Structure formats: C-alpha cells, structure tokens
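Undergrad: Chains as they are written, first to last, in our numbering: chain C, 275 to 665; chain P, 275 to 665.
You can take every hint at face value.
Over 12 Å on every C-beta distance to chain P, these chain C residues come out as not near it, computed from the model:
id, residue
1, Asp349
2, Asn482
3, Glu595
4, Arg611
DSS-like mimics (lysine-lysine), calculated; alpha carbons at most 30 Å apart, straight line:
id, chain 1, residue 1, chain 2, residue 2
5, P, Lys653, C, Lys653
6, P, Lys655, C, Lys655
7, C, Lys511, P, Lys570
8, C, Lys655, P, Lys658
9, C, Lys655, P, Lys615
10, P, Lys653, C, Lys655
11, P, Lys276, C, Lys445
12, C, Lys645, P, Lys653
13, C, Lys512, P, Lys569
14, C, Lys653, P, Lys645
15, P, Lys512, C, Lys511
Rather than coming from a laboratory, the hints here were simulated on the basis of the structure. The model shown is predicted, which means the values in this text are computed figures rather than measured ones. Quick reminder that beta carbons are idealized off the backbone N, C-alpha and C, glycines included.
Now for the letters of each chain:
There are 2 protein chains.
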Amino acid sequence: MKIESVDFFYLSMPEVLDIGDGSQDALLVRIRAGGYEGWGECEASPLTSIASYVCPMSHSACKPLRYSIEGKNIDGAEDIQRISDAVHENSLDLLQADHTLSGIDIALWDLLGKKMNEPVYRLLGYQKKFPKLPYASQLFGENAEETFTKAKATNAAGYKAVKFGWGPFGKSGKENDIAHLMAAREGVGKDAYLMIDAGTVFRENISNAQERLSALNDINAYWFEEPFINGALDAYKKLSTSHPKIPIAGGEGCNNFVQAQAMINYAGLDFIQIDAGRIGGISVAKRVADLAASKKIIYVNHTFTSHLALSASLQSYSGMEKHFISEYPVELKSLAREIGKEQILPDTNGYIHTPDRPGLGITVDTAAIRKYLVDVEIKVKGEKIYYTPEI
Amino acid sequence: MKIESVDFFYLSMPEVLDIGDGSQDALLVRIRAGGYEGWGECEASPLTSIASYVCPMSHSACKPLRYSIEGKNIDGAEDIQRISDAVHENSLDLLQADHTLSGIDIALWDLLGKKMNEPVYRLLGYQKKFPKLPYASQLFGENAEETFTKAKATNAAGYKAVKFGWGPFGKSGKENDIAHLMAAREGVGKDAYLMIDAGTVFRENISNAQERLSALNDINAYWFEEPFINGALDAYKKLSTSHPKIPIAGGEGCNNFVQAQAMINYAGLDFIQIDAGRIGGISVAKRVADLAASKKIIYVNHTFTSHLALSASLQSYSGMEKHFISEYPVELKSLAREIGKEQILPDTNGYIHTPDRPGLGITVDTAAIRKYLVDVEIKVKGEKIYYTPEI
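Model the full assembly from the supplied sequences, consistent with the hints where possible.
TA: Here it is in structure tokens:
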C-alpha cells in the first residue's frame, strides 16, 4: 500500500515552564495508508522538526524528510528499513532529521502492526514479551525536604524503583546534592532501586562528577545517569573506572546507531538508555538493543512523555528478559496523559507490560488533544508549505 | 556592548539541483552591537535552522537559540564562550542547535574582530598565520571522461592539489569507480596531490570500502575521505589498518567537540576535517584544531560554500604551520561567489592566506545578494515569530 498522507501535530500546554519536564509539549505524526492509520511521537522541538520535514532542498544530501517518505510503499518491515535508509542518505546534512524520522518510523510500525493485526514487538521478531519493572522517573524537589516528600509519596504509591534527576542537582555545590541524595534514599526506603540522573550537568568535567561518587555509594544508588554530555566518551570511561564504583547509565542523547555504538564500546556504561523518539525510531532502537545484549550492557528505554511514546520505546526490547527495567514517567502534564486513550499501568506486582493490541496498542484521543493543538503556518516564497492539519 | 539584533537571511539560487553542491543556498547571520556588525554563515538547512532560532521553548533544555543570545553582552572572547556554553545547556535537546550556533559564533567573532580592529586568528591567540595549500574541491564528472576533463582543467588552472568526490562514486560498481580514479590522476598529472571523497557512500560497509584501496593506492591518493558515515568509529578504524594503507580523512559531519574527539581518538584518521559552519563555529573548531595537533593528526577545514565561510574555517588553524592544506571550493554557484566583496585567491605560488583585515575580512555584499533572498514567514498561534528581515 502507498503512503497517502503524513501529518504533523504540534501540541503544547497553555504555559510551558522553564523546568526539565519534557511532557509540556509534543509532536505527533499521523501516517495514513491503505485505510490504516499509524501514530508516532518525536521527542523533539516541534516547530524545528516540522521545518525539517517541509523545508526546501539545499542539495542532494540535504533534502526535506518528506522527499524520502511521501508516496512510498509500506507493505512490510523491509519498507520501513528502506525509508529509514533513504532519510539517512537524502537528509545526511540536515541535523534535525533523526529527531523527525523518529516519529515517522514509530508511526510506520504502528501502521504496519494494525495492517498485520500484530503488536509491533512481534513484527520485530520477538515470540514473547517480558514484564518490565517501571522506575518512577521524576525531577528532584527544589530543596531536600521536597525531594524527601516526593520520594515518600512514590514509595507509598507502590513503586519498587525510583529515579530523581535534573533540577538543582549539580548546580548548588556538593553538600546540597548530598542532602538531596540522602533525602531521596530516606524517602524511598532502603529496599527500593534508586537511580540518580545528573542531566549532563557536569558536561565534560570528570572531577566534579567523581566528587559525588562517595555519596552515591552511601545511598546505594542503582545507577548514576548522564553525569556528562552525550558522547563525552573519555569522561564517561574515566568515571566508570573510578572508586567507589557506581554503575553508569547514559545514551538518551544519541540520535543515531553509531553514536549509541560508541557509547557502548568506549564509555564504560553499565546501562544504555535509548529514546525511540530521538534515535530514529523503533528500527534503530532495536538495533541498539541487540548490540547492547551482545555486549552484556543492560538496555533501558528513555521516556519522559506520553504512553504512546512509552509503548514505542518498550517495543524494541520487549522480548529481552534480562533487560528488565523501564523508565516510567510519573509526573506527566495533562497533555501527555491525554494523548492515549489507554494507559500502560503497573500490575498488582508492580510490573508493566507492552500492550498486546495491534501496532503500538495506544489509541490517540484526537478529541481530547484538540485543545492543545498549536496553530502553525510556514510560508516560503509566498507559498504555504505547512499549516496545522485537521486532526 | 549589548547584542542589539540577530538576523537570519536565507539565500537560494532560483533553482536548486539534486547534486552534491552545497553552494546552492546559504544561511547568513548578521549580528549588530555597539555600532559594529558581524556576519556568519551556517552550513545547514536554512529554514530548519531559522526555526530552531525562533521556536517556542519545549522545556528547560530545549529552548530556542535566541534565548541564549539576544540582549547578551559581547566585549571579549570570554563572552563568545559564555554564549556558546549557554546554547549547549539551554538547547541541549534541540538537535539542530549546533548548526545554527555555528553561524552565530562566526558572526560574533567577526563582530569582535571589527571592534578590536584585529583579524579573528589573532584574537584566537595566533601571533602569525601561515599560508595554506588550497585543494580544488569539486564533484566527480558524470562519467570518467568528464572527470578527466575537469581534472585537466584544474591542473591547467595551476592547482597543485585537487579533490574529487560524491556524484557517481560508489554507486555503479568498483570498475566504474576505478575508471574515475584513473581519469582523475591522468588529468591532474602525476605530481599533484589528489584526494578522493566518497561522501559517506559506503555507510558502515567496510568491505565495500576496502575493495577500493588497491585502486586508490595505484593512483597515489593523498587521502580517502568519508568512506563511512560520520561517527562509524569501528568501520573507520578497520579501514585505517587495512592494506594497502591509504591515509583516511573524515569528520565534516561532526556537530560538536566530543564527536570530533571520538573521531580523533578512535577512528584511526590521518586528517580531521572540520566545518566551522557546522561544529558550533570558530570556537569549537579551534578546540578541535588544538586537540588534533596534540594527537599528531592533520587538521583541515571543510568548506564547500562562500569565501565568508572559507575565511571562518581558516581562522581556527591559521597559526598552525604543519597543518598546511585547505579545502578550496572551485565550483561555487553565483550566490556563494557574490556573498563576499573580497575573495580569497591563490597567490603566484598557489597558496592562499587568511585575510589580514579586521574580523573575518570579508565584506558581505548586501546589494549583490538581495536577489537571492528567500522570503520566509513563520507564524505560531497567529503571531509572526519570523519574517525575512531587511538586508
């Protein structure tokens, strides 16, 4: 069947706050072919990604994404691969391309799953899926007391794994960080998995990160995430071999396979975290998951947005039993909560499950999200090359 | 002095062809402060980069670039560094940001040079500059005869170094490539430096690249450039240790320092090629040049656009005597030729020189380029957030 339409929808909360909460806006992609409809989500700047889809060609290796997608055939997994390859070739020099491709690739898998009446993870070759332990992913409080209160509430809600990140961490001195770390452990209790996410705050500065290792050891941190910017291989490697030894996690900033490969091969990571909404979609995420498994590194999804994005991120490693943990956003803004009619909720044992419905198994609630639609219009040489489509 | 205005100008040839010629459009940046004016150029998709400059904030680490620049102070080199750092922090999750920052950083150096009445290379700490041997950079012909004709013409024009790339190379079998390679050598004569640029055509496929090594050896290729996509460290490393040994060049796709660092440390490169218009500007390019020198790898500019971009790319390694070679585009479209009132031309010995005028030493010919201006308008929620400014 031929791809008939590719539509981008920019959604936003009425007010976007200057905090590390990626659920305040969203960019959805709807692809229609042969009477089916697939949906995907880019974890990306919406306006910039839309521009990359519709921009005029600059030269043979800097074409808009639409060039590689519209009117193409989509009958099987190999067609998705062909489209992904075409984007990488035709939009090689368009930096934003991978973020935009991500939502497109996800929507194509959703579409194909619906057509073949199979969940995506089965189309990826997994015979069965395994439950994942969700870690409640949230921002640090503004002060240690607030972090404690949040940690206690998350524990009371039944989560066995909790992550705190961003916010004040790394910005007001070591003592302040230690207070947050101790508050977090005290709040979640001694048995919970507790992860700490530095949100790249130390950039490439190894000693600033090393100074936190003792405190991370004291609170028995399950991992220390993104102390440095993505791709700072030497800094990661040095930290991973420092004492006390704390497992290191990273990789959410990777926007293609070879970047993730470099992080796996050279950064000394224990956990590689991949956002299907950034790395080029489910196709590339699956390739990274396979590599991680072969290198004995634990694959974890990165997801801080909707359950549509969560389902997309789960598919690529659903069938990998040892890779048992999953980022689970617990502070979603209403926009992100309302995107899917179905939610992926922990069962009575506290585990989550990849949906067993066709495609991603999440029905986009077009009526609910209409109120978040951002009206956009882009004109080039007097011609309207993008305007917000009917949802 | 305070930054008063930052203006983006999208220029394009009336018709953009589907060929690997990056000089068919351009994105110029003009920054004004304290009565001075600086100009820069992004080697990037113009519309997408403009969108990244003006887009609404998504969250604390996905802000538009304007947030980190407008109204900020610019009195010395440390202010440029501060702005660059701010963009990297505030636009961490905005993939296009580095390409957009590149033009901004270049314009800030030009502005500062004009204010301090010094060429940029001196502001970077170089006491003197060294001549560079320009290699005439051009596309392969459509067939071997055409490649021969182009090579002969380039030789007749006096170039001692010539590069052919892209086009048919790697796309129609090994024999066709060999015919092009032999034609190129025959045309340029036996004494010229001859470089071959595969334009990432083999993606991650090592054996396809290895199959060309003998022919590259036969024509005494000075380097083999970008056989693989940027960041494919393992593929580069394996090729660099294959026989016959051909020096490997790469890196033009790097959009930040740590990517270039990884290519230098793990890819087995002999030459690292950096485009100041992509990697984040002159500031980041200089950092890579210093690292390359310390690792005994030759630094080379990547430039396929205007002489404004060429001057920007030269500044970062102007003072490095051993890094003596420079990419020099010889097939510029009229748009790219007309951007600068001054040209950087080979002297009687065939060498080029970084301009000694203040800033980048290139005066943008606003009257000449007006005819190439592309009219753009971006509206979000009914508000015009970008329209083509007066040039």
